[in-house]
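Enquirer: Required output: the full structure, derived from the provided sequences and hints.
Protein sequence lines correspond, in order, to chains A and B.
So for the first sequence, the working numbering puts the first residue at 104; every next one is plus one.
So for the second sequence, the working numbering puts the first residue at 488; every next one is plus one.
It should be emphasised that the hints constitute simulated quantities derived from the structure, not laboratory data.
Be a bit skeptical, because a hint or two may be false.
No more than 25 Å apart at the CA atoms, straight line, and that leaves these computed lysine-lysine pairs for DSS-like [claimed, not checked]:
1. A:174 with A:184
2. A:174 with B:525
3. A:184 with B:525
Chain A regions said to be covered by chain B (calculated; three or more residues, Cβ under 8 Å) [claimed, not checked]:
4. 170 to 182
5. 199 to 206
6. 330 to 340
7. 404 to 413
Small disclaimer: the values here were computed from a predicted structure and weren't measured.
Beta carbons are placed, not taken as given, at the ideal position from N, Cα and C, and that holds for glycine.
The residues making up each chain are set out below.
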Amino acid sequence: MVQDLLHSSPSLLNFGIFFAMALAFLFVILGFVTYAILAERKVLGFMQGRIGPNHLGGRWGLLQTVADVLKLLVKEDLIPKASDRPMFIIAPVIAFAPAFVVVATIPFTENLQFADLNVGLLYYIAISGITIIGTLMAAWASNNKYSLLGGMRATAQMVSYEIPLVMAGLGIVLLTGSMNLNDIVLAQQESGWFILWQPVAFVVFFIAAMAELYRVPFDLAEAENELVAGFHTEYSGFRWAMFMLAEYVYMFAMSALIIVLFFGGWLPPFEFLSFIPGAVWFGLKFAVVTYVLYWFRATFPRMRPDQLMEFAWKILLPVALANIFLTALLKELLNIF
Amino acid sequence: MELLNLYQNNYLIVFAFLCLGILLPVVALFAAKLLRPKYKDIASKYTTYESGIEPFHDARVQFNVRYYVFALMFVIFDVETVFLYPWAIAYEKLGIFALIEMLIFVVMLLIGLIYAWKKKVLKWI
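Expert: Below, the structure is given as structure tokens:
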């Protein structure tokens with residue numbers, strides 16, 4: 104049915120149906136974010152010998168995040184006098200919108216993918232870069248010293264780690280000869296997961312992805328104990344929630360992208376396990392990747408800004424470049440793909 | 488024609504996602520406006536946060552030019568990657584000649600990186 108719809112000539116009705124599907128998916132993502140936050144708090148709790156949220160919604164605190172959202176909804180809407188009002192208001196929207204747009208192209212299973220773009224990977228990278236404008240706008244509009252510092256750090260970090268991220272993705276594109284994420288997954292059916300062929304790219308990609316997400320070893324932009332909350336110091340209520348939401352939606356998107364690029368998407372690890380549906384495999388891999396992100400948060404100390412920048416330019420970038428040429432050479436000489 | 492339709496429909500989906508991405512914050516903020524109780528208007532609530540002291544000066548001052556250099560470097564290398572992507576896709580057909588050509592291109596940019604490195608631009612103080 105959806106295939107027919109995709110092949111029909113585009114019309115307003117098509118748009119309406121796509122919109123409804125996207126709306127349904129938005130609620131799935133919001134559900135994911137709700138429980139990702141809870142899971143993060145629980146996992147951190149267990150790792151630090153605490154219990155974590157356990158008051159609302161039974162022993163597991165299943166309603167904790169819902170209550171948090173309701174609290175944010177009725178919070179006072181404060182916009183500081185000294186801030187740049189229009190910019191202050193637009194910034195969260197600009198930060199959030201790309202986070203959601205990015206998810207459109209990720210293939211979750213064989214049949215569950217929204218937009219099958221042939222520039223998939225490049226699309227992801229290009230759109231996700233827009234968020235930094237929202238961050239920088241928020242920082243600048245707040246007219247707060249902590250915000251401005253946090254925003255500048257966030258920009259410098261994002262900009263620096265974008266390059267190793269893109270270069271690491273290039274190794275995959277070289278192997279498959281396509282940027283379409285569907286093709287990338289299908290290519291892994293014959294050759295095995297790309298983490299086996301591109302371990303260096305995986306390490307670089309994963310580190311850069313962590314930095315892009317501002318996850319813990321790289322969370323300098325919002326380092327609580329030096330910059331209060333970084334670029335969203337002045338934000339409260341739902342405006343602040345939009346920034347948090349963008350962060351977690353990116354976590355969702357990036358984990359999915361890592362799985363698609365390096366862990367074979369919905370494909371089972373071994374051929375004989377293919378009776379289990381792809382959605383289950385995707386879910387399992389997804390759980391593992393997000394768990395690793397939480398785990399890192401509990402175990403790694405925060406980096407120093409100078410180490411952070413030098414690491415991107417002096418280590419990750421040369422390694423990623425070397426990886427590209429090694430891949431190209433291997434492909435040419437060994438004819439493995 | 489079929490392919491064109493497919494292509495257009497795929498971007499229509501992207502557009503639907505974009506609309507939703509913008510609508511969600513707008514709707515949520517509007518709902519928050521309707522739901523929240525009336526709060527007392529106190530002037531000091533609207534001052535900028537600065538660890539409890541009266542904020543002094545404007546925060547928007549001229550900042551270290553170092554950030555600017557990183558932005559410049561980013562532009563150079565990002566454009567490089569834009570050139571590398573089509574190369575990577577066409578590599579299968581182009582073969583070893585394209586590899587050497589691209590190697591020359593990247594080495595030229597690497598010289599730039601090494602220059603910046605030696606100039607201590609990459610060092611963050």
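Enquirer: Evaluate each hint against the coordinates.
Expert: Status of each hint after checking the structure:
Between residue 174 of chain A and residue 184 of chain A the CA atoms are separated by roughly 24 Å; this keeps the pair inside 25 Å, and the hint holds. Restraint check: the Cα-Cα separation between residue 174 of chain A and residue 525 of chain B comes to about 15 Å, which is no more than 25 Å; the hinted pair holds. Distance hint between residue 184 of chain A and residue 525 of chain B is fulfilled; the C-alpha atoms sit about 19 Å from each other, no more than 25 Å. Counting residues of the segment 170 to 182 of chain A whose CB falls under 8 Å from any CB of chain B gives 8; the rule of at least 3 is met.
Evaluation of the coverage hint for the segment 199 to 206 of chain A: fulfilled, as 7 residues show C-beta separations to chain B shorter than 8 Å, against a requirement of three. With 4 residues carrying a beta carbon less than 8 Å from a beta carbon of chain B, the segment 330 to 340 of chain A meets the three-residue requirement, and the given coverage holds. With 5 residues bearing a CB less than 8 Å from a CB of chain B, the segment 404 to 413 of chain A meets the requirement of three and the coverage assertion stands.
No hint from the list above goes unmet by this structure.
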